[in-house]
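With the sequences and hints as input, model every part of the structure.
Heads up: the protein sequence lines correspond to chains A and B, in order.
63 is the number that my numbering gives to position 63 of the first sequence; each next residue is one higher, with no gaps.
131 is the number that my numbering gives to position 131 of the second sequence; each next residue is one higher, with no gaps.
Warning: the hint list may mix true and false statements.
As the list claims (entries may be wrong) - Only part of the chain A face toward chain B is listed, based on derived beta-carbon distances under 8 Å:
| # | residue |
| --- | --- |
| 1 | 31 |
| 2 | 32 |
| 3 | 47 |
| 4 | 62 |
| 5 | 96 |
| 6 | 116 |
The set of hints was computed from the structure by calculation and includes no laboratory data.
Just so it is clear, CB atoms sit at the ideal spot from N, CA and C, and this is done for glycine as well.
Number of protein chains: 2
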Amino acid sequence: MSKIQYGDKSSLSLLDALVESLKCLPGVGPKSAQRMAFHLLQRDRDGAKILAHTLNRAIRDIGHCKSCRILTEQEYCSICLDDSRVRTKICVVENPADVLAIEKSTDYKGVYFVLMGRLSPLDGIGPQELGLNVLEGRLKSDAVDELILATNSTVEGEVTAHVLSEMASRHRIQTTRLAQGVPVGGELEFVDQNTIAQAFAGRKSY
Amino acid sequence: MSKIQYGDKSSLSLLDALVESLKCLPGVGPKSAQRMAFHLLQRDRDGAKILAHTLNRAIRDIGHCKSCRILTEQEYCSICLDDSRVRTKICVVENPADVLAIEKSTDYKGVYFVLMGRLSPLDGIGPQELGLNVLEGRLKSDAVDELILATNSTVEGEVTAHVLSEMASRHRIQTTRLAQGVPVGGELEFVDQNTIAQAFAGRKSY
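Rendered as structure tokens:
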């Protein structure tokens, strides 16, 4: 911990405490935290006040959608409440940010299920933590005909997708997985070997 | 403003408000703000709570040292209260961060005066805003024998230094300015022309 000490003072000042607490933000180290603290105190006390207020409200009010587990301040999120969305397709993603990415990039009109993580037994994240029982409940009660597995293309994401596909097959529901291959605009020379291997094996008629 | 919209919802949600308020931090754009919001809500609600609490305390309690104008929660900062510091030397800097930089890099044992800015008439920052009357009061009352001008080496910093030196000369106090020249470890080939010109003109016997 780097203390902001003017001179020899050894007790932790309020300014130190502010710098320390700013370091809870992702990607913010001691230097940035110090810069942020000085900026807020010197130039933007109103912004800091609004930030503190909004943080408190967000922590208190934002929870998970009862149906898809995305972050929302309502009981159910706006997608789950939207009558125009098709309830027969469920797209399973790891994080709320993945929902935003898919909403922005595609015209998908189905609904989602957000795991809020991935299977990772070593970190104590099992089916319970990912709410797989909630998902299974939806597979039973709703007339689902496709479960889209959009977990990340990492080892843990693949394992999670595998477990999900087994669950779906117990309920005789078709599963699909996002295609793997060369990214759009990517040059083969700079694409990693695994991706090329997957893209080559998954080649399509042209 | 980039909204976090799940689907078609058009009203600003609490999550949007949190992202928006995080953008008051320096160097934080829409993408980072969104990442920070998700991180805090998914993984570090305790950190967010502490941050909100500390921000509120800091805005309420941190003000300026009555003597040197640095940011502090006390009436006088720890340097001004420190009896071992020499009161006959005053080092004038633009920002609190400059005090930290000098304290870390040198064994300076005098005291400081923090302008909290630089002369910039176009932005409405004149002698009053920089507390030059407070500084002049100290030059009159304390037995000061050296005013160290450590404002930045920018046009505005130089103008500010010039005004300060005129004030000091009215009180027959010696002024010094930080040396300009090639940075330690710098290669001449990559040092800008102005710096080389200054370093060349200010060459010393070896």
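Which hints from the list above does the structure break, by number from lowest to highest? Hint check: 1 fails alone, others pass.
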